[in-house]
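**Q** Which chain is which? The protein sequence lines are A, B and C, in order. Per the working numbering: the first sequence ends with 90, consecutive numbering throughout. Per the working numbering: the second sequence ends with 311, consecutive numbering throughout. Per the working numbering: the third sequence ends with 409, consecutive numbering throughout.
Keep in mind the hints are simulated off the structure, nothing from the lab. Honestly, I wouldn't trust all of these hints.
The calculated lysine-lysine pairs, modelled on DSS-like cross-linking and capped at a C-alpha distance of 25 Å, are [stated by the list, open to error]:
#: 1; chain 1: C; residue 1: Lys315; chain 2: B; residue 2: Lys218
#: 2; chain 1: A; residue 1: Lys7; chain 2: C; residue 2: Lys399
#: 3; chain 1: A; residue 1: Lys3; chain 2: A; residue 2: Lys90
#: 4; chain 1: C; residue 1: Lys368; chain 2: B; residue 2: Lys232
#: 5; chain 1: C; residue 1: Lys301; chain 2: B; residue 2: Lys218
#: 6; chain 1: C; residue 1: Lys155; chain 2: C; residue 2: Lys50
#: 7; chain 1: C; residue 1: Lys302; chain 2: B; residue 2: Lys232
#: 8; chain 1: C; residue 1: Lys383; chain 2: B; residue 2: Lys218
#: 9; chain 1: A; residue 1: Lys2; chain 2: C; residue 2: Lys401
#: 10; chain 1: C; residue 1: Lys387; chain 2: C; residue 2: Lys401
#: 11; chain 1: C; residue 1: Lys130; chain 2: C; residue 2: Lys261
#: 12; chain 1: C; residue 1: Lys371; chain 2: C; residue 2: Lys383
#: 13; chain 1: B; residue 1: Lys3; chain 2: B; residue 2: Lys43
#: 14; chain 1: C; residue 1: Lys387; chain 2: A; residue 2: Lys3
#: 15; chain 1: C; residue 1: Lys383; chain 2: C; residue 2: Lys368
#: 16; chain 1: C; residue 1: Lys130; chain 2: A; residue 2: Lys43
Derived list of chain A stretches under chain C, where covered just means 3 residues or more per stretch with a C-beta under 8 Å from a C-beta of chain C [said to hold, decoys possible]:
#: 17; segment: 17-28
#: 18; segment: 38-44
This one's a predicted model, so the numbers in the text were calculated from it and none came from an experiment. Cβ coordinates follow ideal geometry from the N, Cα and C atoms, glycine included.
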Amino acid sequence: MKKIIGKVTPEEKQEIQSLFERRNGLNELARILTADNAELYEKLVRDMGETGTRFQNWWDRMAAKYQWESSDGGNWEINFDTCEIYLVTK
Amino acid sequence: MIKYLIIQVDDTSVSYCHYPALTGKPRLISLDDLRAGILWAMKENVTVQFVYPSYRLPDEYHRVIESIDHADIVPAGCEDTGLLDKADVIVLDGMSRIASHTFRSNAAYVLRTSKEDLLTGRDAVAYLLDRVMRLNVVITDVETFTDDDTERYGKLLGSLAEAVAEQYAAGRNVQFNLLTDRLMLDRMNNCNAGWETIALAPDGRFYPCPAFYGDADKGYNIGDLHLGPDIKNPQLYRLDHAPICRRCDAWQCRRCTWLNCRLTLEVNTPGHQQCIMTHVERNASRRLLPLFPGTEIPEIGYLDPFDIAKN
Amino acid sequence: MEIKETDNGWQEGMAKSITFIVTKDCQLACKYCYLVGKNEKERMSWETAKAAIDYILDREHDEMFDTESVIFDFIGGEPFLEIELIDRICDYLKVQMFSRNHHWFNSYRFSFSTNGINYDSEPVQRFIGKNIGHLSIGITIDGTRRKHDLNRVWKHSNGEAERGSYDDVVRNIPLWLNQFPGSSTKVTISSADIPYICESVLHLYSLGIHEVNINCVFENVWNEGDDIAFEQQLMQLADTIIDGDLYRDYACSFFSEHIGKPLDPVNDNQNWCGAGRMLSIDSAGNFYPCTRFAQYSLRSKKAWMIGNIHDGIDKNRLRPFLTLDRLTQSPRECIDCEVASGCAWCQGENYDAADTPTIYQRATAICKMHKARVRANNYYWNKLYRKLELEGNREEYEKNKPARKPETC
Numbered sequence: 001m002k003k004i005i006g007k008v009t010p011e012e013k014q015e016i017q018s019l020f021e022r023r024n025g026l027n028e029l030a031r032i033l034t035a036d037n038a039e040l041y042e043k044l045v046r047d048m049g050e051t052g053t054r055f056q057n058w059w060d061r062m063a064a065k066y067q068w069e070s071s072d073g074g075n076w077e078i079n080f081d082t083c084e085i086y087l088v089t090k
Numbered sequence: 001m002i003k004y005l006i007i008q009v010d011d012t013s014v015s016y017c018h019y020p021a022l023t024g025k026p027r028l029i030s031l032d033d034l035r036a037g038i039l040w041a042m043k044e045n046v047t048v049q050f051v052y053p054s055y056r057l058p059d060e061y062h063r064v065i066e067s068i069d070h071a072d073i074v075p076a077g078c079e080d081t082g083l084l085d086k087a088d089v090i091v092l093d094g095m096s097r098i099a100s101h102t103f104r105s106n107a108a109y110v111l112r113t114s115k116e117d118l119l120t121g122r123d124a125v126a127y128l129l130d131r132v133m134r135l136n137v138v139i140t141d142v143e144t145f146t147d148d149d150t151e152r153y154g155k156l157l158g159s160l161a162e163a164v165a166e167q168y169a170a171g172r173n174v175q176f177n178l179l180t181d182r183l184m185l186d187r188m189n190n191c192n193a194g195w196e197t198i199a200l201a202p203d204g205r206f207y208p209c210p211a212f213y214g215d216a217d218k219g220y221n222i223g224d225l226h227l228g229p230d231i232k233n234p235q236l237y238r239l240d241h242a243p244i245c246r247r248c249d250a251w252q253c254r255r256c257t258w259l260n261c262r263l264t265l266e267v268n269t270p271g272h273q274q275c276i277m278t279h280v281e282r283n284a285s286r287r288l289l290p291l292f293p294g295t296e297i298p299e300i301g302y303l304d305p306f307d308i309a310k311n
Numbered sequence: 001m002e003i004k005e006t007d008n009g010w011q012e013g014m015a016k017s018i019t020f021i022v023t024k025d026c027q028l029a030c031k032y033c034y035l036v037g038k039n040e041k042e043r044m045s046w047e048t049a050k051a052a053i054d055y056i057l058d059r060e061h062d063e064m065f066d067t068e069s070v071i072f073d074f075i076g077g078e079p080f081l082e083i084e085l086i087d088r089i090c091d092y093l094k095v096q097m098f099s100r101n102h103h104w105f106n107s108y109r110f111s112f113s114t115n116g117i118n119y120d121s122e123p124v125q126r127f128i129g130k131n132i133g134h135l136s137i138g139i140t141i142d143g144t145r146r147k148h149d150l151n152r153v154w155k156h157s158n159g160e161a162e163r164g165s166y167d168d169v170v171r172n173i174p175l176w177l178n179q180f181p182g183s184s185t186k187v188t189i190s191s192a193d194i195p196y197i198c199e200s201v202l203h204l205y206s207l208g209i210h211e212v213n214i215n216c217v218f219e220n221v222w223n224e225g226d227d228i229a230f231e232q233q234l235m236q237l238a239d240t241i242i243d244g245d246l247y248r249d250y251a252c253s254f255f256s257e258h259i260g261k262p263l264d265p266v267n268d269n270q271n272w273c274g275a276g277r278m279l280s281i282d283s284a285g286n287f288y289p290c291t292r293f294a295q296y297s298l299r300s301k302k303a304w305m306i307g308n309i310h311d312g313i314d315k316n317r318l319r320p321f322l323t324l325d326r327l328t329q330s331p332r333e334c335i336d337c338e339v340a341s342g343c344a345w346c347q348g349e350n351y352d353a354a355d356t357p358t359i360y361q362r363a364t365a366i367c368k369m370h371k372a373r374v375r376a377n378n379y380y381w382n383k384l385y386r387k388l389e390l391e392g393n394r395e396e397y398e399k400n401k402p403a404r405k406p407e408t409c
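Looking at chain A on its own, in the form it has when it is part of the complex (with noise of 0.2 Å):
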């Protein structure tokens, strides 16, 4: 089940789609990435680290904020077109 629990600004949307995409790329890189390749290797999984950490901030902060709703084994969705935030139920 989805429902619309609420809504971010579209500065709040564009600062987590700009990390979700990050997020996304840094992983494609990790795939094609060696170790051979050390000073950028280190430098992707440094990056992965920030990312990672920016992200659950992002939520954490935005919950916070707008103090949504949440459910045991639910998840929090966010529609990059409308800024809407959804709980997803199983």
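Given the coordinates of chain A, assemble chains B and C onto it according to the supplied hints.
**A** Just chains B and C now, kept in the frame of chain A:
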């Protein structure tokens, strides 16, 4: 509506504008085509200008030419001194021509020069301004003008504005296309090739202007004497169909369609270089505003109107 | 709590489109294909591709390349014939964007328009697996077997029987939809296709494609009576969609509420086509304002090159594109047209069909087809809204109607 017909009487006729003259062997327009061109001009009620080569034309050609009221555009080095004496426009092809020429105060002069020669030729231009009633300076390598040249060009024109002011102070109201034209205009006054002016070339065909005859192989001819001019997409030669130019106020700009084609591939779109140069001229003209009471040229924050016209 | 993002449509209008013409070869010889100069020889080399990428990424802050996002588009011929090269290009792009801290690393896509024939091949599938989060792949299937095979036929030698490609494509549709749920397809209509429009759209729906983007070719191929036949097909399609309640889950770009109105000369004067804001690169390393301006796309004009990987971009040659507006290129009949909105054009076809070498002469071959579309479109919306009102469902429909992506060429 076509108002002017430029008849280029020979392949080697002088260039009076940005385009290079053809450098091959002389080839005169046939007498039949010359007569037909004049007849067409009479019937269409257009004003004719003849553009001559350096050598003396056969007398028969002069007799035909004299059958219509016209203007003559003649190279400064023309062997036919009689023609030179009565020419309406005399073309100095390069700075080197200045020293050897005997100037006529009642003729208009065109100085064709490279950018670099002009930027370093302030005194030569000032010398001309002291001797002629009208001077058109035409740069023959506009495409080489870079943004780095902007300041140098502005300084040159600023200095020449002082020379013009001195002429005015001495009671000589000299006309100088780069500085005084903008002050005397209240709207665009461009070359208007293909719109108000067309050319008849030695091959008996019409072109938007003589420059396009040099690119005849690129399909720029617009008809022949047999069927008359047939200009495809004529609207593109008009100001209202030129998105950059129609909102521009560098009214003295030639808006050279041949240069447009060379630089942007479109007859109605000027290249960056042409726009920058004409705006430097426009802005330098402001220095002479005190000589033209009641004239206004507002200060603007751009040199290339493309920056405000682009989508 | 697990957190998921959904991403429908992507950076519409905010992305720079950079097209690599990786090959001019294709397995097919589609009869309506505008690419008149296809051949097997002109394949992009790695050196050319790399030089182009370096040129572009070196200019991150140039106004040509400072868009927030980028779409790297791969086109042919059939792009997947060069999957090894494409894979190398994409890997290089990813590494370079990341190592340079280029802002596009946060916002890029690899886009493909394919005939779908070797979609399930191991190299293509491996590539998809590596880049799944950044891919947009469209498979062209024209509709029913008879409609598809009418035009989309295999290359064949003289004397060899003509063979359609329907079976070779349709077998890959389930895999494609599984990998890219919600994908749309692009259908092209020329004169001979008109009788099959309705059945073809419905067939595509039945294959699981919920959005069918369909357009008439811009070229002057239309015969007497085509507009009437076209209108009848669209009305038949409208009836089937509405009577069968298909409008709830499916979309067809022929029907849009926003077409068929007069256009304001001031506020609606923008150019429709994106040529000039895009960049295409061919196998020789030449740059074009759009692929349609490369020589293999042009019937009767010279290629409109705007530079190359060695000398860079000649911005003067982009000026006509970036100042082009609707009115300046349109004849009076288009400016005064009462049903102008939604009537599109292709800048490349305008150039190719023009009387002089200009992009400022709008081709109007599509005029009567657009007008027919508008009539059928009006019928569609009048019928649909009446039905919804009678059923008391209009409000609900308005809330939940399927979102449509803007039409592109």
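**Q** Each hint: holds or not?
**A** Each hint tested on the structure:
1. C:Lys315 / B:Lys218: Roughly 22 Å between the alpha carbons, so the hint for lysine 315 (chain C) and lysine 218 (chain B) holds.
2. A:Lys7 / C:Lys399: 17 Å, holds
3. A:Lys3 / A:Lys90: Judged against 25 Å, a Cα distance of about 12 Å means the pair holds.
4. C:Lys368 / B:Lys232: Given that 25 Å is the threshold and the Cα spacing comes to 24 Å, the pair holds.
5. C:Lys301 / B:Lys218: 11 Å, holds
6. C:Lys155 / C:Lys50: Given that 25 Å is the threshold and the Cα spacing comes to 31 Å, the pair is violated.
7. C:Lys302 / B:Lys232: Given pair lysine 302 (chain C), lysine 232 (chain B) holds - Cα atoms ~18 Å apart, limit 25 Å.
8. C:Lys383 / B:Lys218: 54 Å, violated
9. A:Lys2 / C:Lys401: 17 Å, holds
10. C:Lys387 / C:Lys401: Distance of about 15 Å is within 25 Å: holds.
11. C:Lys130 / C:Lys261: It is violated: about 45 Å lies between the C-alpha atoms, which goes past 25 Å.
12. C:Lys371 / C:Lys383: 18 Å, holds
13. B:Lys3 / B:Lys43: 12 Å, holds
14. C:Lys387 / A:Lys3: Distance ~29 Å between lysine 387 (chain C) and lysine 3 (chain A) Cα, so the pair is violated.
15. C:Lys383 / C:Lys368: 23 Å, holds
16. C:Lys130 / A:Lys43: Satisfied, since the Cα-Cα distance of roughly 20 Å is no more than 25 Å.
17. 17-28: Holds: 10 residues of the segment 17-28 of chain A have a Cβ under 8 Å from chain C.
18. 38-44: Result for this restraint: holds, n = 3.
Comparing the model with each numbered hint stated earlier shows that hints 6, 8, 11, 14 do not hold.
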